[in-house]
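Build the full structure now, drawing on both the sequences and the hints.
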Amino acid sequence: METNAKRHFNVLLFSGDYDKCLAAFILANGAKEMGMTATIFCAFWGLLVVRDMGKISLEDKNVYEKMFSSVTPANAENLPLSKMNLAGLGKSMLVNMMDAKDTPHLQDFLQGARNKGVRFCACKLSMEIMGFREEELLEGIEVIDVHAYLQDAANADMQLFI
Amino acid sequence: METNAKRHFNVLLFSGDYDKCLAAFILANGAKEMGMTATIFCAFWGLLVVRDMGKISLEDKNVYEKMFSSVTPANAENLPLSKMNLAGLGKSMLVNMMDAKDTPHLQDFLQGARNKGVRFCACKLSMEIMGFREEELLEGIEVIDVHAYLQDAANADMQLFI
Amino acid sequence: METNAKRHFNVLLFSGDYDKCLAAFILANGAKEMGMTATIFCAFWGLLVVRDMGKISLEDKNVYEKMFSSVTPANAENLPLSKMNLAGLGKSMLVNMMDAKDTPHLQDFLQGARNKGVRFCACKLSMEIMGFREEELLEGIEVIDVHAYLQDAANADMQLFI
Numbered sequence: 000m001e002t003n004a005k006r007h008f009n010v011l012l013f014s015g016d017y018d019k020c021l022a023a024f025i026l027a028n029g030a031k032e033m034g035m036t037a038t039i040f041c042a043f044w045g046l047l048v049v050r051d052m053g054k055i056s057l058e059d060k061n062v063y064e065k066m067f068s069s070v071t072p073a074n075a076e077n078l079p080l081s082k083m084n085l086a087g088l089g090k091s092m093l094v095n096m097m098d099a100k101d102t103p104h105l106q107d108f109l110q111g112a113r114n115k116g117v118r119f120c121a122c123k124l125s126m127e128i129m130g131f132r133e134e135e136l137l138e139g140i141e142v143i144d145v146h147a148y149l150q151d152a153a154n155a156d157m158q159l160f161i
Numbered sequence: 000m001e002t003n004a005k006r007h008f009n010v011l012l013f014s015g016d017y018d019k020c021l022a023a024f025i026l027a028n029g030a031k032e033m034g035m036t037a038t039i040f041c042a043f044w045g046l047l048v049v050r051d052m053g054k055i056s057l058e059d060k061n062v063y064e065k066m067f068s069s070v071t072p073a074n075a076e077n078l079p080l081s082k083m084n085l086a087g088l089g090k091s092m093l094v095n096m097m098d099a100k101d102t103p104h105l106q107d108f109l110q111g112a113r114n115k116g117v118r119f120c121a122c123k124l125s126m127e128i129m130g131f132r133e134e135e136l137l138e139g140i141e142v143i144d145v146h147a148y149l150q151d152a153a154n155a156d157m158q159l160f161i
Numbered sequence: 000m001e002t003n004a005k006r007h008f009n010v011l012l013f014s015g016d017y018d019k020c021l022a023a024f025i026l027a028n029g030a031k032e033m034g035m036t037a038t039i040f041c042a043f044w045g046l047l048v049v050r051d052m053g054k055i056s057l058e059d060k061n062v063y064e065k066m067f068s069s070v071t072p073a074n075a076e077n078l079p080l081s082k083m084n085l086a087g088l089g090k091s092m093l094v095n096m097m098d099a100k101d102t103p104h105l106q107d108f109l110q111g112a113r114n115k116g117v118r119f120c121a122c123k124l125s126m127e128i129m130g131f132r133e134e135e136l137l138e139g140i141e142v143i144d145v146h147a148y149l150q151d152a153a154n155a156d157m158q159l160f161i
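Residue numbers (numbering that gives the first Met the number 0), protein chains in the order written: chain L, 0 to 161; chain Y, 0 to 161; chain U, 0 to 161.
It is worth saying that the hints were derived from the structure and are not from the lab. Note that the Cβ used here is the ideal one computed from N, Cα and C, for glycine as well. Take the hints with a grain of salt, since some may be wrong.
[Stated by the list, open to error] For the chain L half of the interface with chain U, some residues (derived, Cβ under 10 Å), not all of them:
1. 9
2. 14
3. 18
4. 44
5. 51
6. 52
7. 66
8. 67
9. 98
10. 145
11. 150
[To be verified] Okay, the calculated bits of chain L under chain U, using three or more residues with CB under 8 Å as the criterion:
12. 53-64
13. 130-138
14. 154-161
What follows is the structure in structure tokens.
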């Protein structure tokens with residue numbers, strides 16, 4: 000059995016759902032607490048969680064990119080639940096339940112993961128399709144391509160698609 | 000190539016969808032049949048599948064926990080499909096198709112996995128947020144934290160997030 | 000570190016969503032470009048992407064199988080988005096954004112993966128439940144059972160459930 004110091008944890012964060020992003024960040028925080036290294040590769044909807052709303056600009060965007068920027072959630076806390084309508088349970092109910100237990104919010108787990116040194120990457124192809132610019136991302140997010148993701152993931156001790 | 004006897008299969012079951020839980024249980028059953036060890040770590044919506052409805056109590060729950068207990072599906076067979084509305088295909092149609100082929104139901108695959116010795120765990124943090132008590136779970140479900148899950152998963156030969 | 004020539008990439012494609020299938024195919028194409036071997040095991044909704052619409056026949060199907068064949072998307076390009084209603088963003092908008100960047104469509108990535116030698120498999124149990132016949136699949140798709148999938152996946156350097 001290897002020691003955790005040599006272990007690497009890799010997540011492809013495809014989802015832009017509040018609950019799934021929460022799971023990804025809690026796992027990455029846990030991995031770092033245990034001494035592992037960790038990478039989160041944000042692709043497709045997962046990109047929504049690493050945009051810096053203060054930096055988003057509509058300049059130099061085509062009509063689809065402008066529409067897309069306008070209709071997507073303004074920050075991590077505004078992401079929807081993956082099960083919006085499961086038996087009427089809404090996101091406000093989940094957040095209320097988290098508050099009742101003093102559980103940190105998504106934004107806190109994201110910040111915690113960044114403070115702990117989780118490597119955050121953004122998918123180059125997804126950014127091109129969605130019209131996101133590197134300067135619209137949170138500071139310190141690396142833009143990498145699919146090959147670089149695969150290299151990181153194939154060398155990891157565990158890989159998850161969330 | 001290792002022999003399967005030394006292999007370990009790990010699933011993080013995040014989903015509470017009938018079809019995704021079915022996939023998780025079929026895979027865990029298959030792994031055990033091949034001689035592997037297997038762990039299913041139930042988190043978030045995945046907790047819905049390991050509650051024992053006969054034991055659920057509303058005592059000592061706050062208002063959100065009571066609402067949540069009331070609105071969530073009463074047992075595994077009542078879980079919804081991940082694609083409720085895909086082209087009008089409903090869950091009753093899927094179950095009818097399974098019956099036409101004498102395919103066991105979700106409850107049967109769950110019981111089969113338990114009989115075969117699949118290790119079922121419940122996520123401590125998810126239980127706290129959702130207000131589930133250990134005594135409300137099916138017998139033999141271990142409550143473990145994220146670190147214990149990561150240790151099990153990082154030592155596994157395959158890890159899936161379902 | 001192993002060379003990529005000895006590396007193996009494995010995906011269990013459970014989803015029949017356009018965006019998730021796109022992710023699976025882009026990853027498999029990338030893995031092959033890097034010299035890895037790659038397997039995509041299509042189960043449940045993932046089977047919808049490997050049917051050959053020219054070969055689908057309603058003969059010898061029971062009533063559920065006929066209904067199912069009639070209501071499911073006619074080919075890969077007709078698959079729905081996983082987030083149909085996320086802030087009003089529809090699939091036509093995503094496809095328009097892809098076209099604006101000259102990004103190939105799902106069908107092109109599927110064909111690319113097949114040309115590059117990605118191994119495509121279909122889940123035997125899922126086919127039985129859904130009433131799909133082997134002769135209705137695209138040419139060269141192997142029908143294998145859960146044990147054969149697990150053997151391939153446990154020997155892989157990375158496994159994803161998409």
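Results for each hint:
1. Restraint check, residue 9 of chain L versus chain U: the minimum CB separation of about 8 Å is within 10 Å; hint holds.
2. Annotation: residue 14 of chain L was flagged as interfacial toward chain U, and the flag holds, the nearest CB pair being 8 Å apart, inside 10 Å.
3. Contact between residue 18 of chain L and chain U, as hinted, is not supported at the beta carbon level, the nearest pair being about 14 Å apart and thus beyond 10 Å.
4. A least Cβ separation of about 6 Å between residue 44 of chain L and chain U falls short of the 10 Å threshold, and the interface hint therefore holds.
5. Interface restraint check: residue 51 of chain L against chain U, minimum CB-CB distance 19 Å, threshold 10 Å, status violated.
6. Because the closest C-beta pair between residue 52 of chain L and chain U is about 14 Å apart, greater than 10 Å, the hint is violated.
7. With a cut of 10 Å, the hint placing residue 66 of chain L at the interface with chain U holds, because the nearest CB-to-CB distance is about 7 Å.
8. With a cut of 10 Å, the hint placing residue 67 of chain L at the interface with chain U holds, because the nearest CB-to-CB distance is about 7 Å.
9. The interface hint given for residue 98 of chain L is violated, since its Cβ lies 25 Å from the closest Cβ of chain U, which is over the 10 Å cut-off.
10. Interface restraint check for residue 145 of chain L: the shortest CB-CB distance to chain U comes to about 4 Å, inside 10 Å, so the restraint holds.
11. Restraint check, residue 150 of chain L versus chain U: the minimum CB separation of about 7 Å is within 10 Å; hint holds.
12. Restraint check on the region 53-64 of chain L versus chain U: 3 residues with Cβ-Cβ distances below 8 Å, three needed, restraint holds.
13. Here's how the region 130-138 of chain L fares: 1 of its residues keep a CB closer than 8 Å to some CB of chain U, so the rule of at least three is not met and the hint is violated.
14. For the region 154-161 of chain L, the proposed coverage by chain U is satisfied: 5 residues have a C-beta within less than 8 Å of a C-beta in that chain, meeting the threshold of three.
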